[in-house]
Structures are given as C-alpha cells and as structure tokens.
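A.B. asks: Single-letter residue listing:
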Amino acid sequence: MKGLAPATRAVGRIAALLATACAAGPAVAHTGEGLTGGFFGGFTHPIFGPDHVVAMVAVGLWGAFLRAPAIWLLPVVFPLVMAAGGVLGILGVPLPGVEYGIATSAVVLGLMVALSARPPIWVAAVIVGAFAIFHGHAHGAELPPGADAMAYSAGFVIATGLLHLTGIAFGLGTCWPAGRLAVRAAGGLIALAGLAFLSRLP
Amino acid sequence: VNARRLAGIFVLLSATPACAHTVIGIGGFPGGLLHPILVPAHLFSLLALGLLISQQRERVIASVSFIAALVIGLIALTFAVGETAAPSVMLANTALAGVMVAAAWTPPKPVVWLLAAITGGMLALDSPPDAVTIEEGNLMLVGTALGACATLVAVVAGASLLRRPWQRLGVRIAGSWIAASALLVLALELR
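Taken in order, these protein sequences are the chains called A and B. Here the numbering used here is used: the first sequence runs in plain steps of one and ends on residue 272. Here the numbering used here is used: the second sequence runs in plain steps of one and ends on residue 205.
No wet-lab data here; the hints were simulated from the structure. None of the values given here were measured: they were computed from a predicted structure. No residue lacks a Cβ here, since even glycine has one placed at the ideal position from N, Cα and C. There could be a bad hint or two in this list.
What the hints assert, rightly or not - Here are the computed distance ranges between Cβ atoms for each label pair:
{"no.": "1", "chain 1": "B", "residue 1": "171", "chain 2": "A", "residue 2": "138", "range": "24 to 34 Å"}
{"no.": "2", "chain 1": "A", "residue 1": "166", "chain 2": "B", "residue 2": "156", "range": "49 to 59 Å"}
{"no.": "3", "chain 1": "A", "residue 1": "191", "chain 2": "B", "residue 2": "128", "range": "43 to 53 Å"}
{"no.": "4", "chain 1": "A", "residue 1": "259", "chain 2": "B", "residue 2": "78", "range": "30 to 40 Å"}
{"no.": "5", "chain 1": "A", "residue 1": "247", "chain 2": "B", "residue 2": "71", "range": "23 to 33 Å"}
{"no.": "6", "chain 1": "B", "residue 1": "175", "chain 2": "A", "residue 2": "138", "range": "21 to 31 Å"}
{"no.": "7", "chain 1": "B", "residue 1": "92", "chain 2": "A", "residue 2": "272", "range": "53 to 63 Å"}
{"no.": "8", "chain 1": "B", "residue 1": "96", "chain 2": "A", "residue 2": "120", "range": "26 to 36 Å"}
{"no.": "9", "chain 1": "A", "residue 1": "166", "chain 2": "B", "residue 2": "118", "range": "33 to 43 Å"}
{"no.": "10", "chain 1": "A", "residue 1": "247", "chain 2": "B", "residue 2": "118", "range": "27 to 37 Å"}
{"no.": "11", "chain 1": "B", "residue 1": "118", "chain 2": "A", "residue 2": "249", "range": "28 to 38 Å"}
{"no.": "12", "chain 1": "B", "residue 1": "177", "chain 2": "A", "residue 2": "245", "range": "19 to 29 Å"}
{"no.": "13", "chain 1": "A", "residue 1": "167", "chain 2": "B", "residue 2": "205", "range": "17 to 27 Å"}
{"no.": "14", "chain 1": "B", "residue 1": "71", "chain 2": "A", "residue 2": "245", "range": "34 to 44 Å"}
My request is simple: use the sequences and hints to build the entire structure.
C.D. replies: This is the structure:
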C-alpha cells in the first residue's frame, strides 16, 4: 500500500472495515419470517441479482479509475439516488424500461471501465445517478410488505454499498500496470455480461 | 487504534438482532433499556442523530434537547397517548439527519437542536411499554430513557473520535446508508 495515494488507502481501509462489519453475521428480525424479511433478506437480495452485482461493482471500479473526489463521492451519493428510485418503485410510480435500464447499466459502466474513460465528474455522476434510479426502482418495487422494513432496507443498502466498495477495492489495482489491465478486463467482462442480460430480455 | 475502534463499533452494531417493539423474553427495566438498540428504526434514528451531532462544534445543547424531548415524550406515554404519526416522523427525521451527515453539512445550530428534539420525542412516543402491570411499564419507560440516552452519548462520543479524513468519510458513508434505508421505509409506510 506504500505506493498508494492517501485517498485510495482510505477507501481500502473503509472497504475492509465495512466488509468486516457485515461479516459479523446477519441480524435476524421477526423469527419465522424466513429469508424474505429482516436484515438477512435485504442483504442477500441485491447479491443474488447478477445484473445488480456487476453494475454495482462496475460503479466501484469506475470510481477507482476516476480517482478523488469520485472515488469517495460515489459510495456517498449512489445509495441516496438509488433510494430515490426505490421510493418511486415503492409508491408505484411507473418507470418505463426498468429491466433494459439495468442491463444497459452493466454495458455502459463496464465499457467506461474497459475504456478507462475519465469524463468530467458531473457527467459521470449523471450517468451513474440515472442508472441508480433504475436499480433502485426495481428493488423498491420488490420490497416485501410486512417484513421488518427498516432492517430489510438497511441490509439492502449496505449490501449495495459493499458491492461498490468491493469494486473500489479491486479498482485500487489501477495503481499498477498489471492491475490496470486486470481492472479494464473486468470492465470488459461486465459489459459482456450486460449484453447477455440484454439479449435475454423480451 | 481508531480503525480498530471503528471496526469494533460497526461489528457490534451490525451484529445486533433486529426485533420489533418487544424484546422477547425480556421485560421491565432491562427490556426498556434494550429497546432503543434492538428496534432498527430507533437504532438508526439514534445513529443518524449521533453522527450529525458529532459533526457539529456545539454538541451539548443538541444532546440536552434530545434528552428533554425524550423525557417529555415518555411522560406523555404514561398518560396513555394513543397512536401517533411518530414512526413516520421519526423516519423522515432520520433521513434528513442522514443526508446532512452524508453531506457533512453544518446547519444553523437551532436546526440540529430541533432535529434532536424531534428524534427524542418521536422515539419516546414510538416506545409504548408492552407490560402487564403499571409498575413494569414504568420501569420499561425508565429503561428506554436510559438506553436511548446512553446509545446517543456512545455514538456521539465514538464518532467524535473519528478525526482522520478517511474516518470522516466512513461516517459520511454511514450517514448516506442510514438516510437511504430510512427513505425506503418511509415510502413503504406512506404507500
């Protein structure tokens, strides 16, 4: 870690800490509700959606490429924008082409990483924010009623944030030439996965 | 050392079991004491407020505002206050405080005092004791007061130790996650 900038070291530490925190075990709410409710249900929900996983990891990878302030701006801003999308989904506000938006997010974000694109920060924020609304809308619409909503939502948001931090932690490899190649290759794979998701949609 | 402290705090908090408004098998004073920690909405509300207060220079009046409103709210409960909008108001308050933490914004002092008072009052009104006797109910209320105050003080004190840039960034991320969670639940409540 000697060759890393303080900002990247900081993100690495935070990623490690937060990952440790969530490895402490799920908080089971309302025994008997099964996996659909409580912290565990919310935590596993985004992790078991491959389209969501690759897009969130791609956001983290891209943040690592964009460097400060994007690297720390994304994990702060993304959950809030995603929650705004989630509110739309919960309230039943229609958003056309949600599934297409989610699959496209993997393609676009993967390409950004693969191409090592570094647009102005506001452009990156708009792109990521737009896709965050699609992801949030889809998951908001799927929030189970009657479960321990607070624990479920917390699990859901934390899992999403940890996926970002996973991407950022992996993206720290961009400090080395071989790491940059690996990260860009990962971006390419994510874009291909996004194309596969798109091809499955009707 | 601070990193270890932070990790310890997060591990403890994330390992907390999430229960509804009754602590199964625990009544009276201990049940009340654990209530603010074991009810996720209350815990998140205390976390958001504690993190927000820790980011301010002036911390005493905000904490006192919280405690005063909490005590008033709990006393009101003894007069059999009926169902209120406390859960929704508390969620909105949590979301607002979380956004302020995420933005690392220092609002005018009265805003923080008001948020603290709302958190205390709503947390109290959303903590009706699930007890058979009046004595046990009162003990639960006393326990709730102490538990909520102790939790808030612990969060403020713990977060105030986090002075390095990356630690402050961690606090902002935590605020963002809390606000996002609260927004989602608020939408569920309002649906």
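A.B. asks: Now tell me, hint by hint, if it's right for this structure.
C.D. replies: Evaluation of the provided hints:
1. 171(B) x 138(A): 24 to 34 Å: holds, 29 Å
2. 166(A) x 156(B): 49 to 59 Å: holds, 54 Å
3. 191(A) x 128(B): 43 to 53 Å: Given about 33 Å between the Cβ atoms, the range is violated.
4. 259(A) x 78(B): 30 to 40 Å: violated, 55 Å
5. 247(A) x 71(B): 23 to 33 Å: violated, 46 Å
6. 175(B) x 138(A): 21 to 31 Å: Cβ of residue 175(B) to Cβ of residue 138(A): about 24 Å, so the range 21 to 31 Å holds.
7. 92(B) x 272(A): 53 to 63 Å: holds, 59 Å
8. 96(B) x 120(A): 26 to 36 Å: About 48 Å separates the Cβ atoms of residue 96(B) and residue 120(A), which means 26 to 36 Å is violated.
9. 166(A) x 118(B): 33 to 43 Å: Hint holds: Cβ distance 36 Å, inside 33 to 43 Å.
10. 247(A) x 118(B): 27 to 37 Å: holds, 35 Å
11. 118(B) x 249(A): 28 to 38 Å: holds, 30 Å
12. 177(B) x 245(A): 19 to 29 Å: holds, 26 Å
13. 167(A) x 205(B): 17 to 27 Å: holds, 23 Å
14. 71(B) x 245(A): 34 to 44 Å: This hint holds: roughly 37 Å between Cβ atoms.
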